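Assemble chain W onto chain A, guided by the hints.
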Amino acid sequence: MSVTDSIASIGRSAIATVTGLGRAGLMLWGAIAKVPNVAKGTPLLIKQLYVIGVQSMVIILVSGLFIGMVLALQGYNILVGFGTEDSLGPMVALSLLRELGPVVTALLFAGRAGSALTAEIGLMKSTEQLSSLEMMAIDPLRQIIAPRFWAGVISLPLLALMFTAIGIYGGHIVGVEWKGIDSGSFWSILQASVEWRQDIVNCLIKSVVFAIVVTWIALYRGYHVIPNPEGISRATTQTVVQSSLAVLALDFLLTAMMFGR
Amino acid sequence: MSHKPMNDASKPLVEVNNLGFSRGKHVIYEDVSLSIPRGKVTAIMGPSGIGKTTLLKLIGGQLVPDAGWVKVDGVNVHQCNRTELYALRKRMSMLFQSGALFTDMNVFDNVAFALREHSGLPEPIIKRIVLMKLEAVGLRGAAQMMPSELSGGMQRRAALARAIALEPELVLYDEPFAGQDPISMGVLVKLIRDLSDALNLTSVVVSHDVQEVLGIADYVYVLADKRVIAHGTPAELRLADNPKLKQFIGGEPDGPVPFHFPAQDYQKEMLGERD
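If you're matching them up, the sequences are chains A and W in order.
Quick note, this note's numbering runs 224 ahead of the 1-based positions in the first sequence.
Quick note, this note's numbering runs 16 ahead of the 1-based positions in the second sequence.
For reference, chain A alone in the conformation it holds in the complex (with noise of 0.2 Å):
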């Protein structure tokens, strides 16, 4: 390959991110930017917090309690050696509520719920749904992408912080039941450390930042897929493995902006 055709196919690359990018915001766009109907939207939003929000909770909960089991026992095994096991409490909270809590949910949303979301919609384009709304004068922005997006949004902060709630009781577990810190000074000490502007808001924003990352990524790889079996594996693909990459990446972002100083 000379350098010209080199040169070129970057500058490919290139335009083809960019466009993707603008075709992904003219989706958001295109979905959220109108004033809503209430009346007919309300039952759609719901459906699809069901469907996203509450269908995720198994995953979300089992993962949590052991998350928080395994912290607080490597977490213990640590302190003990410099007599601070009662420092247990506050080092598995914060843990779960500045990092893991947010991460993990967000990772564990985007296999279940991006995946799902992304299969779901590619499948409405290959069988011709989408182009039915269409030629039936209804938007499938606002009837299909607009509830999914609003469900993601408002249920992976609600899961962020029932992942972290049960991983803090993993944590107890281990840690008050079989390792035997007192389990006043475990709730006392986490209470005193745990800030609610500094760690629980922040929670929540890095939570809120997720999931419109995934949840965007998730409909507009199944919106715009190639639609055959082979473009919808691909898109459901490329949705986890951008959906995580990104959320990694912009964990370490809002992590220095948090706490960088």
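Hints in this document: simulated from the structure, not taken from any laboratory.
Keep in mind it's a predicted model, so treat the numbers as computed, not measured.
No false leads were mixed into what you were given.
Not close to chain A: a few residues of chain W, all C-beta gaps over 10 Å, as computed:
(1) Lys87
(2) Leu166
(3) Val203
(4) Ala240
(5) Ile265
Computed list of lysine-lysine pairs in BS3-like fashion (alpha-carbon distance at most 30 Å, straight line):
(6) Lys242(W) x Lys87(W)
(7) Lys87(W) x Lys106(W)
(8) Lys87(W) x Lys258(A)
(9) Lys27(W) x Lys87(W)
(10) Lys260(W) x Lys206(W)
(11) Lys27(W) x Lys242(W)
(12) Lys271(A) x Lys106(W)
(13) Lys73(W) x Lys264(A)
(14) Lys106(W) x Lys264(A)
(15) Lys56(W) x Lys27(W)
(16) Lys260(W) x Lys73(W)
(17) Lys242(W) x Lys73(W)
(18) Lys106(W) x Lys206(W)
(19) Lys73(W) x Lys262(W)
(20) Lys73(W) x Lys258(A)
(21) Lys260(W) x Lys242(W)
(22) Lys106(W) x Lys258(A)
(23) Lys41(W) x Lys260(W)
(24) Lys242(W) x Lys56(W)
(25) Lys143(W) x Lys264(A)
(26) Lys206(W) x Lys56(W)
(27) Lys56(W) x Lys260(W)
(28) Lys143(W) x Lys271(A)
(29) Lys106(W) x Lys27(W)
Glycine included, each C-beta is placed from N, C-alpha and C at the ideal position.
Just chain W now, with coordinates in the frame of chain A:
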């Protein structure tokens, strides 16, 4: 731009003029012109892959032509803004090749969908209209079934009931007979003709099922080589002496449209020689 019907029965409902359309470097249409009269069944026929479905999408405003124009009831489809286009689409409907039923709704809700979105009618009235449409296609008894529980023919009929729910002026049928058994095909042929007559619909049927289409169409356009190669009544087309048309209507495997895809010399390839 006005969307009011011109109410001139002598003027065609759909006019396609000097239409050109390409996908990338692949030219699909060059200079296609046709007109669809009101209240008639007009068929658009041609070999597979010629772009017949593309033509329906151009008429419905889902694709934009490179050249020429498409007018529906005097309105240039591709100069409409979104609101105007949606207003126009409320007066037309399309039966997709796959049926395109919403898989998360039962048959009743599929048919009721557009009525609930656009008509503003109370639910008891919607229920009666939906049952009337389902009765017309013989599926009133399947109202509570999900699309996945229906056979291919029943799905097509349910989609037809949905397509006529808002009583459109124009119905676009995309390969309505594809993949149907003889009984389902006979039912669909009868339904398309009877519904068009009963509701005074303007129907555009895209198909390559020659005998079925010639049996119900009032007028036929045949597309090949990126343009209209013949048009006329079914009787006129049967008598035409255009070799391509005769091959298509007669279903002959070889002729102006060759059986073999272009390739290098057979003997040379078998002997491992290169041109």
